[in-house]
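Here the sequence shown is numbered in this note's numbering, starting from 1 and rising by one per residue.
Please keep in mind that the hints were generated in silico from the structure rather than gathered at the bench. Some hints here could point you the wrong way.
To be verified - Distance ranges between label pairs, derived from CB positions:
#	residue 1	residue 2	range
1	H87	D262	23 to 29 Å
2	L172	T77	37 to 43 Å
3	D136	S211	32 to 38 Å
4	E43	P69	17 to 23 Å
5	E240	D158	28 to 34 Å
6	P97	E241	46 to 52 Å
To be verified - No more than 30 Å apart at the CA atoms, straight line, and that leaves these computed lysine-lysine pairs for BS3-like:
#	residue 1	residue 2
7	K108	K139
8	K6	K166
9	K168	K244
10	K305	K259
11	K168	K139
12	K139	K166
13	K295	K244
14	K305	K295
15	K305	K244
16	K244	K259
17	K166	K244
18	K53	K139
19	K166	K108
20	K53	K6
21	K53	K108
22	K108	K6
Everything numeric in this text was worked out from a predicted model, so none of it was measured. Beta carbons are placed, not taken as given, at the ideal position from N, Cα and C, and that holds for glycine.
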Amino acid sequence: MDKVDKLVAVANGKLLLTGEYLVMDGATALALPLNLGQTLSIEPSDDVYLTWKAFDVNGIWFEGCYSVPEFSLVSSTNRLIGETLQHILVTAATLNPHHRVTQGMFIKTCLNFNRLLGLGSSSTLIALIADLFDTDKYKLHARVSTGSGYDVACTAVDYPIFYTRKSKEEALVEPANFNPAFAHNLYFAYLGNKQDTNSEIVRYQNIEKGSLMNQVAAITEISRELSVIQDLTTFTSLIEEHEKIMSTVLNRNSIRQHKFSDFNGCVKSLGAWGGDFVLAASAMDETAVFNYFAKNNITTIFRFKDLVLNNKVINNHDTIIKF
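With the hints as constraints, model all of the structure from the sequences given.
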């Protein structure tokens, strides 16, 4: 590939079904890659600058201009976003000094979902930039994010995974045969309050928690069990146990206690508590579920089958990721 040939890279979005927060302390999390994600393409340019345009389903949301090859920010429509992107570009270039981005070019990224939904706009960007600079996405993530890395692992697989963070530089990724018979009873509802993952991690790390050995073991066991459960009642019970454990660790009421106590089923926070998405599991018919959330002013709801990427033909070998 010539340095300015068109490049198209694709990265999947994500949802974290189990293990939020405690995945940072070694709990095995069950993570779901999505059929929503982000693409990146590059085109030649006669300009001496790198021009970056970012789109989502609502159109262009960011534009920036950078010098090449030092990637100084020349101009942008949002200074903070521009500097964040600059940091990722500079870091990626440092990881691979022989990268292709050595002259002016036009770069376009496209999210096929609303970037405010928290479905992986940051993790897909990191993975795509790693592809652009031909470097390791896990190493890049470790240098620009405080997260566990599960979201980056989801960008390149088309099946659910177990993700176990061994250290800052090592994680175990295993395929998970999570294909519940009751998938039609599962929904993902957006609460309308996108959380800042890095801020939530800092907040979690500052909590006086003591030893979490027992909680980590319990969440790991729940993650494993959830992947093979084939009846909704047992699934719901395990989800509720998960929420009780995390409520104690975080010293916060669960989202069901706080907002959905009258829901006929279970509701679980996904990722950072208090924002982004929740999982709703209920034996009610679909119309009743959608009506319930509509009465709570929640109208962005996805059916499990419409959102989760699940190719049943998977590699049964574990993958050790060192980054």
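Hint consistency between K305 and K259 [alpha-carbon to alpha-carbon, up to 30 Å]: holds (25 Å)
query: Within a Cα-Cα threshold of 30 Å, do K166 and K244 meet the stated pairing?
result: holds (25 Å)
message: Range first: 37 to 43 Å. Now tell me if the beta carbons of L172 and T77 are that far apart.
response: holds (40 Å)
message: With the threshold set at 30 Å, check whether the alpha-carbon distance from K53 to K6 stays at or below it.
response: holds (15 Å)
field: CB-CB spacing for E241 and P97 relative to the 46 to 52 Å hint
entry: holds (49 Å)
- prompt: Are the Cα atoms of K53 and K108 separated by 30 Å or less?
  reply: The hint holds at about 5 Å.
Given pair status - K108, K166, alpha carbons within 30 Å: Cα-Cα ~35 Å, so violated.
query: Is the straight-line distance between the alpha-carbon of K139 and that of K166 30 Å or less?
result: With a Cα-Cα distance of about 15 Å, the restraint between K139 and K166 holds, given a limit of 30 Å.
message: Need the status of pair K305, K244: alpha-carbon distance at most 30 Å?
response: Holds - the C-alpha atoms of K244 and K305 are around 27 Å apart, at most 30 Å.
task: Could you tell me whether the CB distance from D136 to S211 stays inside 32 to 38 Å?
output: holds (33 Å)
message: K168 and K244 were given as a pair; does the straight-line alpha-carbon distance stay at or below 30 Å?
response: holds (27 Å)
- prompt: Can the suggested window of 17 to 23 Å be confirmed for the beta-carbon pair E43 and P69?
  reply: holds (18 Å)
In this structure, the earlier hints numbered 1, 8, 19 are contradicted, and the remaining ones agree with it.
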